[in-house]
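> Take a look at the letters that make up each chain.
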Amino acid sequence: MKQLYLSSSPHIHSGETTTGVMRAVLYSLLPACGVAVYFFGPSALSVLLIATLGCLASEAVCQRLMGQPVTLGDGSAAITGVLLALNLPPSSPWWLTLLGAVIAIAIGKQVYGGLGSNPFNPALVARVVLLISFPVQMTTWSAPAPLGSGLDLVTTATPLGEWKNAVMLTGQLPAEMQGSMANYFLGNMPGCIGEVSALALLLGAAYLFYRRILTWHIPTAFVGTVVLLSGLFWLIDPAKYPNPVFHLLTGGLILGAFYMATDMVTTPVSISGMLLFGAGCGFLTVLIRLFGGYPEGVSFAILLMNAATPLIDRYTRPRTFGMVRQGRTQ
Amino acid sequence: MKLKTFAGGIHPPDNKQWSSHKAIEDCPLPTEFVVPLAQHIGAPSVACVEIGQYVAKGQVIGTAKGFVSVPVHAPTSGEVVAIEYRPHSWGPSLPAIVIKPDGEDLWSTDLQPSDPDNLSTDDMIEKVRLAGVVGMGGAAFPAHVKMSPPPEKQVRTLIINGVECEPYLTADYRMMLEEPERILQGVGLLQTVFGAERVVIGIEANKPDAIALFEKHCAKTAFEVVSLHVKYPQGAEKQLIAAVTGKQVPSGGLPMDIGAAVHNVSTAAAVTDAIVHGRPLIERICTVTGPAIREPKNLRIRIGTLLSHLVEVCGGLAEEPGKIILGGPMMGFTQLEFNVPATKGTSGLLLLRMQDVDPRPEGPCIRCARCVQVCPIKLLPTTIAAYARRNLSAEAAEYCAMDCIECGSCSYVCPAAIPLVQAIRYGKAAILAKKRKSP
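Quick note, the sequences are listed as chains A and B, same order.
Using the working numbering, count along the first sequence one by one with no gaps and you end on 330.
Using the working numbering, count along the second sequence one by one with no gaps and you end on 769.
Hints listed in this document are in silico derivations from the structure and should not be mistaken for laboratory results.
By construction, the Cβ of each residue, glycine as well, lies at the ideal position given by its N, Cα and C atoms.
Check the hints yourself; a few may be wrong.
[To be verified] Capping the alpha-carbon separation at 25 Å, the derived lysine to any residue pairs in SDA-like fashion look like this: (1) B/K346 x A/E16; (2) B/K708 x A/I312; (3) B/K765 x A/I312.
[As the list claims (entries may be wrong)] Just a sample of chain B residues kept apart from chain A, beta carbon distances all over 12 Å, derived: (4) P443; (5) Y562; (6) P689.
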């Protein structure tokens, strides 16, 4: 025998790898990227490319500077890049996108020690830094101009922004919204590159469910809480508060609930922890959307809940098999 | 019908097709037996024969030392040629009695059959002890200890483990198909010893023929045959009890604390041999399998047969082995050589090629929580492993490291290839060491 491998059990492995997981997430984002390019044309494509390449380059530079092996192959930096792009307006100037990529990787991820060690979702850290630092560029939205339609991208407001403006000015919902629910669902509305098409996002999420990379807990708790809570307000005053379907389909809820709030690194590990995390995200999202200064609150909600993750983990530890519940004596 | 099971667990490919259709064959006698004095959990036996002495098949060659210990017996008739340190499957070389068979294979005349109806419970337990019977599912814990619960712990439910959830292994399966009477007689004896009200034979649903056969045989008895969901580790003691009774063995406790006892099907068969036929445990069924062996087989082997002999009997190596495993791929032990003997707990010899075990480099934990989802004990494997590797044994203990049953499901699913259960094992050893130092 030339060579024998000696190790303690188990001696077999499922074969699943971190790279495989990351690759599947990237595949699942393809429909959303495709829809983005269809509605927003070359400007969406360039944001996607700059963000992704920017993140890959930042990761390589950071790891080189810290004298660590460069691990672009694991696919995590590419995912951060694509997710960042999907969270930016299609009209983002190149320097803004690139700055976001550097922030996401350098400040959002590598300063903490790289993959697996960051407490906050890197793409959202970048988005929020940009949103606060460059409010004009970050809230300049374009109406979709589907490929082949001959339309140019023109500046307009997002449905959530349209509603918030009206409520701020008149205390009432706008008499007539520009878009329809069907268009919101397909993605034919102004917004961030990746958040517009609920359909494309759900298609990708279905693939991740099938691959068992995504579990239902966080998205369901998140979306469910938003629907319940926004529904409650809508029932109280339908003239002032938009209905839950509007909340569901406009803004970044689907993107946030299925892709940003499900980032494994920054979310709790137990089932009850995930449910709590999702519910917290939903609660904060509705709170910010209805009563905050910003029309959209998904990013802030997720980041705030990221901060609560260690605490949630601590208090939602699964009850060990055979442990008697406190105060009970079997 | 909804199959019974437990929470958590994994679905590794079972790979039983290599050997599941092969009837049990008697393994030809080798030219040398190496019978280790330590084969069971507890104190090793003490040699009671001398070099040059003739021993008969079934004769005691090592006596038990203490209560948690069992004797060992000569696997065949022949001459004791050495009592010395020999390579052992546990790692270091350990004392063993080397026997050169005389080819006659003659039973000791001291061994007499008896009618169990005339035996008291204590007599039966004593016969099991003298026969050197241990748990044959792999743990090799002395059976008579398990059969003697303190009087205040009444065992109401006796569970017979025919799950065999380890991939590749088919030894219990073949025994269930070919020797159901031998098993069931032992089950009846165990029921008598425990005074159990309920007897359940648990078999995984991937063995429908064994289930059907046992249902047929049990039709006229009060034994229940329960078909269990195919999931690893369904055959782990605590998980099997949970599936069958719905009750959890308390943390740090034993099955008898909730009125249950679990014995393996092959242990039940050995109990029959011991009590009815007066024959000690000198042979067992062992599956020799894996992609590196030419002809996978289920063999009836004598205890003390060297692995090299088993490989020869199975047509030799088909390919260069990369890993030699005693037991199954989930909880078995790797070996460095074929020069070690099979013992009472050897349920299988698995030969994998290097490409089957090719170790991947470990990556950082991405907190994917797969290990948390599959853990049958509901631990946080990644957290415990992280503490254990930093030598923070107090923190590891706080996260219930000692409750880990070491089934390996966490390591199996980890996409970052982190040796989770291996780290937890290390942490458990550190916790125990600390406890010993400061009681």
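> Next, verify each hint and record whether it holds.
Hints, one by one, checked against the model:
Between the alpha carbons of B/K346 and A/E16 the distance comes to roughly 22 Å, so the proposed pair stays at or under 25 Å and holds. Our distance criterion of 25 Å between C-alpha atoms is met by B/K708 and A/I312, whose separation comes to about 17 Å. A C-alpha spacing of about 31 Å is found between B/K765 and A/I312, which places the hinted pair above 25 Å, so the restraint is violated. Non-interface call for B/P443 relative to chain A: holds, since the shortest CB-CB distance, roughly 40 Å, exceeds 12 Å.
The beta carbon of B/Y562 sits about 10 Å from the closest Cβ of chain A, which is not more than 12 Å, so the claim that it is off the interface is violated. Separation of B/P689 from chain A is inadequate, the least Cβ-Cβ distance of about 7 Å not exceeding the 12 Å criterion.
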